[in-house]
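A.B. asks: In order, the protein sequences belong to chains A and B.
With positions in the first sequence counted from 1, the corresponding number in this note's numbering is that position plus 27.
With positions in the second sequence counted from 1, the corresponding number in this note's numbering is that position plus 43.
It is worth saying that the hints were derived from the structure and are not from the lab.
Among the hints, erroneous ones may be present.
What the hints assert, rightly or not - Mimicking DMTMM-like on lysine to aspartate or glutamate, the simulated pairs with C-alpha atoms at most 20 angstroms apart in a straight line are:
#, chain 1, residue 1, chain 2, residue 2
1, A, K179, A, D508
2, A, K182, A, D508
3, B, K167, A, E347
4, A, K524, B, D74
5, A, K389, A, E538
6, A, K628, A, D600
7, A, K551, A, E565
8, A, K263, A, E581
9, A, K309, A, D358
10, A, K554, B, D164
11, B, K167, A, E536
12, B, K127, B, D74
13, B, K167, A, E539
14, A, K179, A, E565
15, A, K562, B, E89
16, A, K602, A, E229
17, A, K628, A, E581
18, B, K48, B, E78
19, A, K614, A, E564
20, A, K351, A, E581
21, A, K554, B, D142
22, A, K551, B, D74
23, A, K179, A, E457
24, A, K179, A, E112
25, A, K562, B, D74
26, A, K351, A, E565
27, A, K551, B, E141
28, A, K389, A, D399
29, A, K239, A, D207
30, A, K554, B, E141
31, A, K554, B, D143
32, A, K562, B, E141
33, A, K551, A, E539
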Amino acid sequence: MARSARKATLKPTKKSPVKKPAPKVSAKKATAPKKASTSTKAATKAPAKKKGPPTYDAQMLAAQAAQVARWRKTTLAKSLDKMPERHAFATDSGIPIPSLLTQLDRKAEQWTDIGLPGEWPYTRGVQPTMYRSRLWTMRQFAGFGTPADTNKRFKYLIAQGMTGLSTAFDMPALMGYDADHAMSRGEVGKEGVAISTLKDFEILFDGIPLDKVTTSMTINASAIVALAMYIAVAEKNGIPMSALGGTIQNDMLKEFIAQKEWIVGPRPAVRIVVDMIDFCSKHMPKWHAVSISGYHIREAGATAVQELAFTIADGIGYVEECVKRGMNVDDFAPRLSFFWDVHNDFFEEVAKFRAARRMWAKIMRDRFGAKDPRSMTLRTHAQTAGVSLTAQQPYNNVVRVALQGFAAVLGGTQSLHTNSLDETYALPTEDSVTIALRTQQVIAHESGADRVVDPLAGSYYVEYLTDEMEKRGFEYLRRIDEMGGIIRAVEEGYPQKEIGESAYRHQREVEEGDRLIVGVNAFKNEKNEPIELLKIEEQVAQEQIDRLTQVKRERDGAAVKAALDKVEAACRDEKLNLMPPVIEAVKAYATLGEVSDVFRKVWGQYREGGIF
Amino acid sequence: MADRKLRILVAKPGLDGHDRGAKIIARALRDAGMEVIYTGLHQTPEMIVSAAIQEDVDAIGMSIMSGAHMTLFPAVIDLLRAQKASDIHVFGGGIIPEDDIPRLQKQGVSAIFGPGSSTQDIVKWITGNIATRA
Chain A
28 MARSARKATL
38 KPTKKSPVKK
48 PAPKVSAKKA
58 TAPKKASTST
68 KAATKAPAKK
78 KGPPTYDAQM
88 LAAQAAQVAR
98 WRKTTLAKSL
108 DKMPERHAFA
118 TDSGIPIPSL
128 LTQLDRKAEQ
138 WTDIGLPGEW
148 PYTRGVQPTM
158 YRSRLWTMRQ
168 FAGFGTPADT
178 NKRFKYLIAQ
188 GMTGLSTAFD
198 MPALMGYDAD
208 HAMSRGEVGK
218 EGVAISTLKD
228 FEILFDGIPL
238 DKVTTSMTIN
248 ASAIVALAMY
258 IAVAEKNGIP
268 MSALGGTIQN
278 DMLKEFIAQK
288 EWIVGPRPAV
298 RIVVDMIDFC
308 SKHMPKWHAV
318 SISGYHIREA
328 GATAVQELAF
338 TIADGIGYVE
348 ECVKRGMNVD
358 DFAPRLSFFW
368 DVHNDFFEEV
378 AKFRAARRMW
388 AKIMRDRFGA
398 KDPRSMTLRT
408 HAQTAGVSLT
418 AQQPYNNVVR
428 VALQGFAAVL
438 GGTQSLHTNS
448 LDETYALPTE
458 DSVTIALRTQ
468 QVIAHESGAD
478 RVVDPLAGSY
488 YVEYLTDEME
498 KRGFEYLRRI
508 DEMGGIIRAV
518 EEGYPQKEIG
528 ESAYRHQREV
538 EEGDRLIVGV
548 NAFKNEKNEP
558 IELLKIEEQV
568 AQEQIDRLTQ
578 VKRERDGAAV
588 KAALDKVEAA
598 CRDEKLNLMP
608 PVIEAVKAYA
618 TLGEVSDVFR
628 KVWGQYREGG
638 IF
Chain B
44 MADRKLRILV
54 AKPGLDGHDR
64 GAKIIARALR
74 DAGMEVIYTG
84 LHQTPEMIVS
94 AAIQEDVDAI
104 GMSIMSGAHM
114 TLFPAVIDLL
124 RAQKASDIHV
134 FGGGIIPEDD
144 IPRLQKQGVS
154 AIFGPGSSTQ
164 DIVKWITGNI
174 ATRA
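Could you build all of it, start to finish, from the sequences and the hints given here?
C.D. replies: See the structure below:
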């Protein structure tokens with residue numbers, strides 16, 4: 028078999044080329060292929076005898092190289108003469124795309140870097156069967172108006188087949204202000220649900236079985252308050268925190284890099300994050316205490332490579348801080364999760380997911396000495412790119428979202444949010460969010476993408492892009508290490524500047540017509556058809572303020588003060604974990620703003636200068 | 044005074060931190076030869092108006108993504124009026140539904156540039172509509 032394949036030289040696909048042996052290439056760990064080939068044998072009775080990583084032998088490669096050289100001189104040259112290529116090609120991140128890629132473009136030993144699904148280095152996915160066993164979680168981010176408004180939307184989405192909750196908070200809650208604060212003017216309930224006290228959480232999750240759903244909460248600077256409120260609501264319903272499953276975003280480093288929602292500066296902010304990772308690793312085995320997020324970095328203008336690099340750098344930053352705290356890496360790393368953006372450049376996006384998994388596996392094993400495979404697997408949520416949506420011809424956004432969602436699935440995401448067509452104008456209406464959810468359901472049940480694990484593996488192009496992204500990602504990580512780590516780099520504004528440059532370059536390319544956006548700088552319509560939009564009523568703010576006032580009137584003021592004093596004491600003593608006193612404080616109906624004020628009092632309000 | 048460069052304050056009012064657009068505009072206006080001051084994030088209307096007067100700008104460009112535009116634009120315009128500085132133009136952009144644009148213009152906002160606007164169009168509009176204040 029092997030011999031005949033060798034003879035066939037240029038046509039390795041003719042007869043099961045996978046079974047060719049790899050005579051000289053180092054077969055470091057043959058365990059994985061061994062297992063796989065046994066199972067294939069059982070299924071197909073293929074006579075695979077030799078073990079070792081699948082690769083190509085030297086003779087065949089030489090023959091192939093000769094053929095490629097010939098093709099360039101003859102077939103390609105002739106064609107270019109008649110019809111030259113339109114221009115040079117590169118991915119959106121600037122990775123050059125050659126006119127032809129073959130297996131010659133990867134070294135033989137590189138093929139072992141792909142591995143098998145559910146095994147080191149996890150390029151092909153974190154589970155052996157992926158969607159053949161369980162589909163990704165369809166998790167539409169929702170939150171607007173009052174807690175009752177959002178509760179209603181949650182229940183609607185669950186009825187439509189959504190499989191996990193995802194909570195969007197309003198800007199005051201995200202920045203640590205109550206609804207009645209001067210900074211909250213005009214913002215209450217606008218970008219997400221308004222939350223000031225535990226009372227709001229009680230309404231938000233009313234009638235939702237918290238032990239059965241998993242809940243994601245997109246909140247960072249005040250994440251500790253939100254998690255404490257979630258724990259308190261569950262407890263009121265007789266559900267212990269150990270039974271709660273879900274994720275809290277809680278990624279402060281990317282806030283300073285990109286999303287810019289903060290209360291205190293990077294170092295105390297990271298201390299709070301580490302407290303939460305520590306607490307969850309001990310008391311909430313089903314909870315993800317941080318979702319290390321590339322999404323916002325990308326939306327702020329980063330390229331896919333920068334998103335990959337800065338996000339993994341943030342991950343390294345958290346692991347380093349946890350290890351410094353004396354935590355054992357395998358005690359907390361299995362619960363770290365990630366969150367990627369999915370943009371338009373389809374193949375590059377798929378490659379990003381694959382490269383990220385491989386990089387994280389290598390970093391966790393080789394840099395941090397993780398032993399537990401779960402510490403090495405990068406599990407991720409994904410969301411289609413809000414920034415790619417256009418206000419012009421908004422129905423085209425449905426198509427963009429479908430392509431992006433498809434890329435996330437081919438990339439092997441664990442959960443997915445698909446954006447709605449109207450989000451360049453406002454939060455989505457019920458109709459538009461239904462189309463977005465239906466888009467995922469079409470991908471899951473009609474496209475066939477659920478039937479196969481890592482379908483683009485072995486594609487010369489996708490493997491090339493995966494390699495390139497990894498290489499360029501590690502290059503950024505090296506630079507960040509030289510600066511003294513990501514926290515230092517963020518303090519110096521390094522990722523912020525890199526992202527700003529990319530954003531400006533992108534804008535120039537669009538304006539100079541080097542980059543076409545359908546409906547914006549090409550194929551324009553004279554008039555945009557108006558679409559229906561969600562409107563948040565101004566009375567939401569008053570309703571929230573009224574409820575807040577009532578809670579403050581009815582609560583035990585002395586108990587609140589005592590609880591907040593304990594929060595302050597824990598802020599001032601690094602040996603204490605902040606989570607328990609914050610839980611006690613919210614149970615006493617201390618407000619989100621009051622807890623945040625304690626942080627401001629101890630560490631000061633963070634501000635960023637007006638650099639551009 | 045006629046030769047003085049146009050001075051523009053690019054401002055990010057409110058709590059949202061999406062500063063990609065504001066920073067791109069700031070750079071584009073600077074590249075077009077204007078003097079640009081960027082306030083940084085999380086500014087109150089009071090902070091913005093006080094910066095505008097202190098820096099003696101000809102116009103304020105505000106970027107808002109949080110849905111608070113119907114509160115924050117009028118607040119800035121009212122404060123300018125109270126400071127007798129209504130000759131400072133106010134324009135802006137961000138996530139702003141088209142229905143809101145005429146309402147904002149009626150309240151004194153000179154122009155709104157939504158998603159997909161070209162920076163060159165904004166530059167053209169500024170040079171065509173805003174003169175240096177005497």
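A.B. asks: Next, verify each hint and record whether it holds.
C.D. replies: Hint-by-hint comparison with the structure:
In summary, the hint linking A:K179 to A:D508 is not supported, as the alpha carbons are separated by about 47 angstroms, beyond the 20 angstroms threshold. Taken as a hint, the A:K182 and A:D508 pair is broken in the structure, with Cα atoms around 46 angstroms apart against an allowance of 20 angstroms. Simply put, B:K167 and A:E347 have alpha-carbon atoms about 50 angstroms apart, too far for the 20 angstroms limit, and the pair is violated. For the suggested pair A:K524 and B:D74, the alpha carbons sit about 17 angstroms apart, so the restraint of at most 20 angstroms is met.
Our distance criterion of 20 angstroms between C-alpha atoms is broken by A:K389 and A:E538, whose separation comes to about 40 angstroms. Restraint check: the Cα-Cα separation between A:K628 and A:D600 comes to about 14 angstroms, which is no more than 20 angstroms; the hinted pair holds. For the proposed pair A:K551 and A:E565, the alpha carbon gap of about 35 angstroms is over 20 angstroms, so the pair is violated. For the suggested pair A:K263 and A:E581, the alpha carbons sit about 18 angstroms apart, so the restraint of at most 20 angstroms is met.
Restraint check: the Cα-Cα separation between A:K309 and A:D358 comes to about 8 angstroms, which is no more than 20 angstroms; the hinted pair holds. Among the hinted pairs, A:K554 with B:D164 is consistent with the structure: their alpha-carbon atoms are about 18 angstroms apart, no more than 20 angstroms. At roughly 19 angstroms between alpha-carbon atoms, B:K167 and A:E536 fall within 20 angstroms of each other, so this suggested pair holds. Taken as a hint, the B:K127 and B:D74 pair is broken in the structure, with Cα atoms around 31 angstroms apart against an allowance of 20 angstroms.
A hinted pair counts as satisfied when its Cα atoms are at most 20 angstroms apart, and B:K167 with A:E539 qualifies at roughly 16 angstroms. Of the supplied pair hints, the one linking A:K179 and A:E565 holds, its CA atoms being roughly 19 angstroms apart against a limit of 20 angstroms. Proximity of A:K562 to B:E89 is assessed by CA-CA distance (about 27 angstroms); at most 20 angstroms being required, the pair is judged violated. Annotation: proposed proximity of A:K602 to A:E229 is violated, straight-line Cα distance about 32 angstroms (limit 20 angstroms).
Between the alpha carbons of A:K628 and A:E581 the distance comes to roughly 26 angstroms, so the proposed pair goes past 20 angstroms and is violated. Of the pairs offered as hints, the one joining B:K48 and B:E78 holds, with about 6 angstroms between alpha carbons and a cut-off of 20 angstroms not exceeded. Proposed proximity of A:K614 and A:E564 is contradicted: the alpha carbons are some 30 angstroms apart, above 20 angstroms. A C-alpha spacing of about 43 angstroms is found between A:K351 and A:E581, which places the hinted pair above 20 angstroms, so the restraint is violated.
The hinted pair formed by A:K554 and B:D142 meets the criterion: a straight-line CA distance of about 14 angstroms does not exceed 20 angstroms. Between A:K551 and B:D74 the alpha-carbon distance is near 27 angstroms, which puts this suggested pair outside the 20 angstroms criterion. Restraint check for A:K179 and A:E457: the C-alpha separation of about 11 angstroms stays at or below 20 angstroms, so the hint holds. Distance check on the hinted pair: A:K179 and A:E112 sit about 54 angstroms apart at the alpha-carbon level, beyond 20 angstroms; violated.
For the proposed pair A:K562 and B:D74, the alpha carbon gap of about 37 angstroms is over 20 angstroms, so the pair is violated. Taking the CA atoms of A:K351 and A:E565, the gap is near 47 angstroms; set against the 20 angstroms cutoff, the hint is violated. Restraint check: the Cα-Cα separation between A:K551 and B:E141 comes to about 18 angstroms, which is no more than 20 angstroms; the hinted pair holds. A hinted pair counts as satisfied when its Cα atoms are at most 20 angstroms apart, and A:K389 with A:D399 qualifies at roughly 13 angstroms.
Of the supplied pair hints, the one linking A:K239 and A:D207 is violated, its CA atoms being roughly 34 angstroms apart against a limit of 20 angstroms. Our distance criterion of 20 angstroms between C-alpha atoms is met by A:K554 and B:E141, whose separation comes to about 12 angstroms. Note on A:K554 and B:D143: the hinted pairing holds, with a Cα-Cα distance of about 17 angstroms set against a maximum of 20 angstroms. Distance restraint check for A:K562 and B:E141: the Cα-Cα separation of roughly 12 angstroms lies within the 20 angstroms cut-off, and the hinted pair is therefore satisfied.
Among the hinted pairs, A:K551 with A:E539 is consistent with the structure: their alpha-carbon atoms are about 16 angstroms apart, no more than 20 angstroms.
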